[in-house]
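Novice: Chain by chain, the residues run as shown.
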Amino acid sequence: MTTKPSTSDGSFTILYFASASSYTSKDAEVLAAPLPVAKLFDLLEEKYTGIKSKVLESCLLTVNLEYVDVPSDASSTGLVIKAGDEVAIIPPVSSG
Amino acid sequence: MERATTTAKALRAQITATELQLQNLKAQLATLESQEPPLQNESEKIPTKWPLTPDEYKRYGRQMIVPNIGIQGQLNLKNSKVLIIGAGGLGCPSSVYLAGAGIGTLGLVDGDIVELSNLHRQILHSTSSVGMKKVDSVISYLKKLNPNVRYVAHPHHLTPQNAAEIVSGYDIVLDCTDHPTSRYLISDTCVLLSKPLVSASALRTDGQLIVLNSPPLPQGNPEGGPCYRCIFPKPPPVDSVVSCGDGGILGPVVGVMGVLQALETVKYIVAGGNSGEGNSMLLFSAKGTTGFRSLKMRKRNAKCVACSSASELTLEGLKEMDYSLFCGVSAPVSVLRPEERVEAREYERVKGKEHLLVDVREKIQFDICSLEGSINVPFSTFEGSGLEQPAWLDQKLPADAPIYVVCRLGNDSQIVARKLKELGLDQNGTREIKDIKGGLKAWRDQVDSSWPEY
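Protein sequence lines correspond, in order, to chains A and B. Heads up: the first sequence at position 8 corresponds to 8 in full-length UniProt numbering, and the numbers run straight through without jumps. Heads up: the second sequence at position 246 corresponds to 246 in full-length UniProt numbering, and the numbers run straight through without jumps.
These are calculated hints, taken from the structure and not from any lab test. In this text the structure is predicted, and so the values were computed from the model without any measurement. Ideal Cβ positions, reconstructed from N, Cα and C, are used throughout, including at glycine. Worth double-checking, as some hints may not be accurate.
[Said to hold, decoys possible] If you only want the chain A side, here are some residues facing chain B, beta carbon under 7 Å, derived: (1) Lys54; (2) Asn64; (3) Ser72.
[Said to hold, decoys possible] In silico DSS-like cross-links for lysine-lysine, where the CA-CA straight-line distance does not exceed 25 Å: (4) B/Lys363 x B/Lys303; (5) A/Lys82 x A/Lys47; (6) B/Lys319 x B/Lys234; (7) B/Lys78 x A/Lys54; (8) B/Lys363 x A/Lys26; (9) A/Lys54 x B/Lys58; (10) B/Lys351 x B/Lys419; (11) A/Lys52 x B/Lys419; (12) B/Lys58 x B/Lys78; (13) B/Lys441 x A/Lys47; (14) B/Lys353 x B/Lys396; (15) A/Lys82 x B/Lys299; (16) B/Lys58 x B/Lys267; (17) B/Lys319 x A/Lys54; (18) B/Lys353 x A/Lys39; (19) A/Lys26 x B/Lys299; (20) A/Lys82 x A/Lys52.
[Stated by the list, open to error] Take a look, some chain A residues computed to stay more than 12 Å from chain B by CB distance: (21) Ala32; (22) Leu35; (23) Asp42; (24) Leu43; (25) Ala88.
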């Protein structure tokens with residue numbers, strides 16, 4: 001992550017690993033905060049068509065280096081990503 | 001009442017597991033007794049007041065004097081039985097450090113044979129072991145390194161049918177495999193048999209490491225460590241699974257992950273179990289400056305289909321599990337009709353006439369070797385692209401000059417040929433658009449045996 005974007009007021013950093021990085025052609029980017037975790041996948045789907053079913057649904061998600069559960073429906077109340085947070089999308093890597 | 005049922009279920013599972021273990025121990029003893037030479041070896045013949053042999057004090061001295069290891073740590077290692085599943089890029093570096101550290105019994109599971117393309121990263125195999133079984137190649141190296149360890153070869157792949165029997169003979173398991181199907185199978189087996197699991201993986205320049213099912217409490221106990229299904233409940237879509245053969249892998253990247261697996265295993269055994277530090281996942285990236293990143297993991301998922309109290313997974317049920325069905329099976333691509341494809345040898349005959357050859361491999365592969373006159377338009381540039389006319393198409397190409405599409409093996413080329421037709425590049429049927437069947441591999445087989453096979 002050499003090009004980690006800086007988070008100014010009102011934004012958070014999202015890091016893409018493995019297949020999430022290939023799909024978005026990015027290692028990281030900055031998105032607007034606050035954002036409920038439940039809405040994150042829909043937002044990414046708007047930016048990168050198809051990413052939800054092809055990548056996100058099998059990924060684990062961390063906020064500030066901690067595992068978080070992604071609520072199954074977007075209307076549910078759950079964790080809200082705040083300005084300055086670091087979110088990571090981590091797909092399973094199975095080869096070795 | 002519900003609680004009692006759950007406990008009873010957990011107990012039954014434990015009993016089955018213990019019975020299996022007992023069976024295995026008896027089998028091991030029988031094998032040993034049948035092989036045992038009449039004379040016992042030196043260290044057992046003369047009882048001494050020291051728990052290790054003189055050779056062992058010398059051999060392990062440098063690690064025994066490390067704080068927190070000590071004589072007890074060394075004895076724990078000597079009394080431990082470790083199973084390494086996969087004798088490749090992860091299994092080689094992990095097994096070499098575990099053998100060196102003085103594990104009592106080291107089992108290796110792998111059904112593959114050594115190939116030339118393995119050698120840049122699978123550090124225990126040598127050029128002369130190409131064609132040998134991987135487990136035999138690894139064990140012959142390890143025996144020279146440390147003859148005090150008892151090595152057990154399992155020269156076949158782990159399957160739902162043999163998994164419980166193999167795993168039950170060991171205390172801790174290392175997942176050094178390379179596919180989602182084996183990752184779920186190993187995790188489920190470790191949950192059912194209450195074995196901690198040190199799991200690592202690597203692709204291209206990145207790696208992941210996680211200690212699962214630690215502490216290895218029975219199914220249904222929420223205080224146990226999470227399993228693979230708690231972390232990744234849904235397998236990745238089958239067409240997104242990239243193997244090292246397709247995606248590439250840097251030797252030191254997978255090496256570092258294997259070495260870390262050995263380290264976690266040694267720590268676990270020396271401490272006599274989970275140190276209570278909580279579960280984390282370690283991510284490693286050779287790109288950029290971050291290097292390592294430690295992520296705090298969840299506890300067991302209360303709805304996990306393997307390790308929660310809601311789980312219906314049993315040792316008997318495991319044998320019936322279809323992991324290929326769960327993870328999906330990649331079927332060979334077949335989107336073109338036979339008449340829309342040419343054999344490599346046919347293309348060789350027509351290539352004198354005016355045509356365009358489009359090579360859709362990624363640029364990094366095209367730069368390694370390419371056919372004369374071909375242009376490179378990587379497959380990834382077609383993904384998600386719309387119906388606009390491609391910029392790479394030379395407008396001077398006659399409307400009836402055919403377009404051929406080629407890739408490494410003949411899958412991506414079909415998808416692109418179809419896409420070019422959808423874009424109308426076939427001029428309503430006056431221009432032929434075909435792919436080369438079997439790709440550049442077929443070119444090597446049928447036309448040019450000097451073509452580099454990478």
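Novice: Quick check on the hint: A/Ser72 CB to chain B CB, less than 7 Å?
Specialist: Result: violated, 11 Å to nearest chain B Cβ.
Novice: Holds or violated: is the Cβ of A/Lys54 closer than 7 Å to a Cβ in chain B?
Specialist: With a minimum Cβ separation of about 6 Å from chain B (threshold 7 Å), the hint on A/Lys54 holds.
Novice: Are the Cα positions of B/Lys363 and A/Lys26 separated by 25 Å at most?
Specialist: holds, 18 Å
Novice: Is it the case that A/Ala32 keeps its Cβ farther than 12 Å from each residue Cβ in chain B?
Specialist: Given a closest Cβ separation of 24 Å, the condition holds.
Novice: Between the alpha carbons of B/Lys353 and B/Lys396, is the straight-line distance 25 Å or under?
Specialist: Between B/Lys353 and B/Lys396 the Cα gap is close to 15 Å, so the pair holds against 25 Å.
Novice: Tell me if the straight-line CA distance from A/Lys26 to B/Lys299 falls inside 25 Å.
Specialist: Answer violated: A/Lys26 to B/Lys299 is near 30 Å, above 25 Å.
Novice: Please work out if B/Lys441 and A/Lys47 have their alpha carbons no farther apart than 25 Å.
Specialist: violated, 37 Å
Novice: Is it true that the CA of A/Lys52 sits at most 25 Å from the CA of B/Lys419?
Specialist: Answer holds: A/Lys52 to B/Lys419 is near 23 Å, not above 25 Å.
Novice: Verify the proposed pairing of A/Lys82 with A/Lys52, using a straight-line Cα cut of 25 Å.
Specialist: Given pair A/Lys82, A/Lys52 holds - Cα atoms ~22 Å apart, limit 25 Å.
Novice: Need the status of pair B/Lys363, B/Lys303: alpha-carbon distance at most 25 Å?
Specialist: Roughly 45 Å separates the two Cα atoms, so the pair is violated.
Novice: CA of A/Lys82 to CA of A/Lys47, is that 25 Å or under?
Specialist: Measuring from Cα to Cα gives roughly 20 Å; hence the hint holds.
Novice: Does B/Lys299 sit within 25 Å of A/Lys82, going by the straight-line distance between their CA atoms?
Specialist: Roughly 24 Å separates the two Cα atoms, so the pair holds.
Against the hints set out earlier in the document, violations occur for numbers 2, 3, 4, 7, 9, 13, 17, 18, 19, 25.
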